[in-house]
Amino acid sequence: MAEALLETAGLTRLFGGLAAVQDVALSVQRGEVHAIVGPNGAGKTTLINLLSGDLKPSAGSVRYRGRDITGWPAHKVAHLGIGRSYQKTNIFRDYTAFENCWLAAQARLPGAMDMLRPAAGRKPARDRAAKALEQCGLADRAQRRAAELSYGEQRQVELAMLLAAEPELLLLDEPLAGMAPEEGAGVLALLKRLAEGHTLVMIEHDMDAVFAIAQRVTVMVNGRVLASGAPDEIRANPQVQEAYLGEAAP
Amino acid sequence: MPRYSRASLALIAGGVLLLALFPLWGDTFYIRFFSRIMIYALFAMSLDLLVGYTGLVSLGHAAFFGVGAYAVAGLINKAGVTELWVVLPAALVSAAALAAVIGWISIRTAGVYFIMITLALAQMAYYFFNDQLYWGGTDGMNIAQRPTLAVGGIALVDLNNRVQFYYAVLGCLVGAFALLSVLLRSPFGHALVGIRANEGRMRALGYDVQTYKLIAFVVAGTLAGLAGFLEATRSTFATPAYLGWHESGHVLMIVILGGMGTLFGPVIGAFVLLLMEDFFATLTDRWLLIEGLFVMAVALLMPQGIAGLPRRIAALTAVRRGNGDG
Amino acid sequence: MSYFLIQTLNGVQYGFLLFLVASGLTLIFGIMGVINLAHGAFYMVGAYLAWWLAERTGSLFLAVVLALPVTVLLGLLIERLGIRHLYERDHLYQVLFTYGLILVLNEAQRVLFGNDVHSVAPPQWLAGTIRLSEAQTYPVYRLFISVACVAVGAALYLLIQRTRLGMVIRAGSTHREMVAALGFDIARLFMAVFGLGAALAAFAGMIAAPVSTVYPGMGDNILILSFVVVVIGGIGSIKGAFAGAMLVGVADTFGRVLLPAGAGVTVYAVMALVLLWRPQGLFGRTL
Chain A
1 MAEALLETAG
11 LTRLFGGLAA
21 VQDVALSVQR
31 GEVHAIVGPN
41 GAGKTTLINL
51 LSGDLKPSAG
61 SVRYRGRDIT
71 GWPAHKVAHL
81 GIGRSYQKTN
91 IFRDYTAFEN
101 CWLAAQARLP
111 GAMDMLRPAA
121 GRKPARDRAA
131 KALEQCGLAD
141 RAQRRAAELS
151 YGEQRQVELA
161 MLLAAEPELL
171 LLDEPLAGMA
181 PEEGAGVLAL
191 LKRLAEGHTL
201 VMIEHDMDAV
211 FAIAQRVTVM
221 VNGRVLASGA
231 PDEIRANPQV
241 QEAYLGEAAP
Chain B
1 MPRYSRASLA
11 LIAGGVLLLA
21 LFPLWGDTFY
31 IRFFSRIMIY
41 ALFAMSLDLL
51 VGYTGLVSLG
61 HAAFFGVGAY
71 AVAGLINKAG
81 VTELWVVLPA
91 ALVSAAALAA
101 VIGWISIRTA
111 GVYFIMITLA
121 LAQMAYYFFN
131 DQLYWGGTDG
141 MNIAQRPTLA
151 VGGIALVDLN
161 NRVQFYYAVL
171 GCLVGAFALL
181 SVLLRSPFGH
191 ALVGIRANEG
201 RMRALGYDVQ
211 TYKLIAFVVA
221 GTLAGLAGFL
231 EATRSTFATP
241 AYLGWHESGH
251 VLMIVILGGM
261 GTLFGPVIGA
271 FVLLLMEDFF
281 ATLTDRWLLI
291 EGLFVMAVAL
301 LMPQGIAGLP
311 RRIAALTAVR
321 RGNGDG
Chain C
1 MSYFLIQTLN
11 GVQYGFLLFL
21 VASGLTLIFG
31 IMGVINLAHG
41 AFYMVGAYLA
51 WWLAERTGSL
61 FLAVVLALPV
71 TVLLGLLIER
81 LGIRHLYERD
91 HLYQVLFTYG
101 LILVLNEAQR
111 VLFGNDVHSV
121 APPQWLAGTI
131 RLSEAQTYPV
141 YRLFISVACV
151 AVGAALYLLI
161 QRTRLGMVIR
171 AGSTHREMVA
181 ALGFDIARLF
191 MAVFGLGAAL
201 AAFAGMIAAP
211 VSTVYPGMGD
221 NILILSFVVV
231 VIGGIGSIKG
241 AFAGAMLVGV
251 ADTFGRVLLP
261 AGAGVTVYAV
271 MALVLLWRPQ
281 GLFGRTL
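Protein chains in written order, with the working numbering: chain A, 1 to 250; chain B, 1 to 326; chain C, 1 to 287.
Honestly, the hints are just simulated from the structure, not real lab data.
There could be a bad hint or two in this list.
Subject to a maximum C-alpha distance of 20 Å in a straight line, what follows is the list of computed SDA-like cross-link-like pairs (lysine to any residue) [said to hold, decoys possible]:
(1) A:K76 with A:T96
(2) A:K123 with B:V182
(3) A:K76 with B:E199
(4) A:K76 with B:I215
(5) A:K56 with A:G66
(6) A:K76 with B:L214
(7) A:K192 with A:E134
(8) A:K123 with B:L183
(9) A:K56 with B:T109
(10) A:K88 with B:A197
(11) A:K123 with B:L184
(12) C:K239 with C:V274
(13) A:K56 with B:A110
(14) A:K88 with B:E199
(15) A:K56 with B:L184
(16) C:K239 with A:G16
(17) A:K123 with A:A139
(18) A:K76 with B:L183
(19) A:K192 with A:D232
(20) A:K88 with A:A147
(21) A:K88 with A:G184
(22) A:K56 with C:Q280
Output of the computed footprint for chain B on chain A, the stretches with three or more beta carbons under 8 Å from beta carbons of chain B [said to hold, decoys possible]:
(23) 110-116
(24) 119-128
We put the CB at the ideal spot given by N, CA and C, even for glycine.
Let's have the full structure, built from the sequences with the hints guiding it.
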């Protein structure tokens, strides 16, 4: 059995007295699409924040490629090849779609601290940004200010930024949130393409999407892992059905 | 991200040209006055890097200005060293070192804490010079002479000459402008602007935000030290007030009045504010009261400053046109 | 030994005064999100009004009673005309606006009351000294200052913790929109908090006047120190303001006595050390 790409053990995060995430053991294999589902307030976003370094755990550990990265700050985690997208669109509204992706790309390329040469001349970053926008179908909107784009397009910029950094592991927080069906289908198709060659950890509420592309599903309730396994197992699990109170397909 | 339109570039070039030609027909008083204004423009420009581009509101920027001045006073009065090629780097290094220390402590915090801490740490530096008689105490120090620049006994620049000093200051101002422009167009500069826009996202993207901020802080502090060096040379005087928070508030005012986030805004702000101060000082002893009211008005009504006026006017006229004619 | 006792008493008394001023500052910041550089000016206004009214009425007590509402009114006026428009703005503009306000108030003070230093006599019944030991006496008035500050501090604590208004204030500090949505008039609440903050600073200035004298620019020094207190204690925390004020009061007093050359610096050194350990202050929320 190959070593897991990303592994957590006993991962816990407390806010005052409240345990948002409690004792979570997660194992993500290289190349798989791993969905994290659960009712609202289950701690899914907190878990992603712990994995990306946006939050420090109160207890437990996180390992990436066998390396202990517990408590690493977000910028160090990003350089390991772990990228994330946000549930609440977190892009640079005053920049163009292209500039958003450029910033994301440049972060992971050498020369991010170059103080003398003009940024415009740095081809690798420009190329990656263009490629990411292309992949997300935003090539024709590249020069538009992000604030002027539709909500769906902004979500796509969110994704494009993630891609521009060319990560190995993608942490996606509700990538389909708030999208119209056609847009959602487009993003889902993109995610399917990305699944080849990348590892995805995805929070989603859209169960059809989850079952369409996930190889493994982890269900979280009240900060704890309720069950983890193949989609069909999860679907059939009586505890899971109970937790969702009929939300899951019987 | 900073991009100068052709119109802006033309205006800037025109401004520099006017300033360069000024000593040919200006009278001595105004040559000296404009030297002082340009020094403050440089000082304000350095703060704009922090406030307007990186989003760091430092209320203690005067500390670096003052340290630059005291470096001059210290070397010339206490060590008897007057050569420019020693005094100038010493001023820059002193300012940079203090900026590194203050920056390192302050940048661990954010938001209002940062504002308060930069204020408090600058006050610490102020008290250091204010309390020590070695540095002249509250009254400050009269500097024995101006720095000299000579090679083989031949003076290259005579800083006692008002006109030569004016051009030296102008040169520093233009040089700093060029340096900052290059910096802001580089990937480093783009990152600073991104940090101001959305710091959390920058971190998540992989930018080591603390380091970027610290470097910006030190660069800004060093340029403020250059301004302090020039001011000490101009006035032959170093006083603790140069490090005080009134000085910090004053330069912040210049940045915002002129328009922050544009390098030339602070230059405009310096000219407008200092000329205004001079004008009102001739009218009344209580000109600070008028300045205070003016500052309050600017804070409430002109957040974009003077440099932002064209944009505001354009936006207003666009709305008018959009609403249609009667 | 008794010298040490005197200095400790002085330091504690100074700390109590700082606590009043700093708690006003931290309330205004914690609840309204506004940084007010002119807070020290309220201290000065209080002191000047107290001196001026005491000269005219012959009674410091009466002066305080009269001056307090005047200062609160001034605070409310400033909030209504200026601060109100800056709530949603970046702190930068609040800093700038209140910096301008300092200039205006300082100059107004000079115009109205001149550049001289004035002394204020404490009330007769508090003007004596008490015996600490065979060799040492201590001014009664200084003890009174400490007692008055503790009393006001206790009243503030009760207000915040035990009254409905206090509950709304505490809720408003973390959940402004929610409080507004529940029907509370946020505008009125903020006005009240600003007025309260101004009153605390002014009261401190008034009762400190006999000890500190009344002089131009007296607000500036207390402002910086109260900033240090708030930073050390943690923004928005009254507890923190108390802890910070005690620390600063004692550190400053002993600093001046033990290291006259480095007098002003001691307090900032303490602040720097606290921050290196806890960037959010002793009782502040984690950043």
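message: Please list, smallest to largest, the hint numbers that this structure does not respect.
response: 1, 15 and 18
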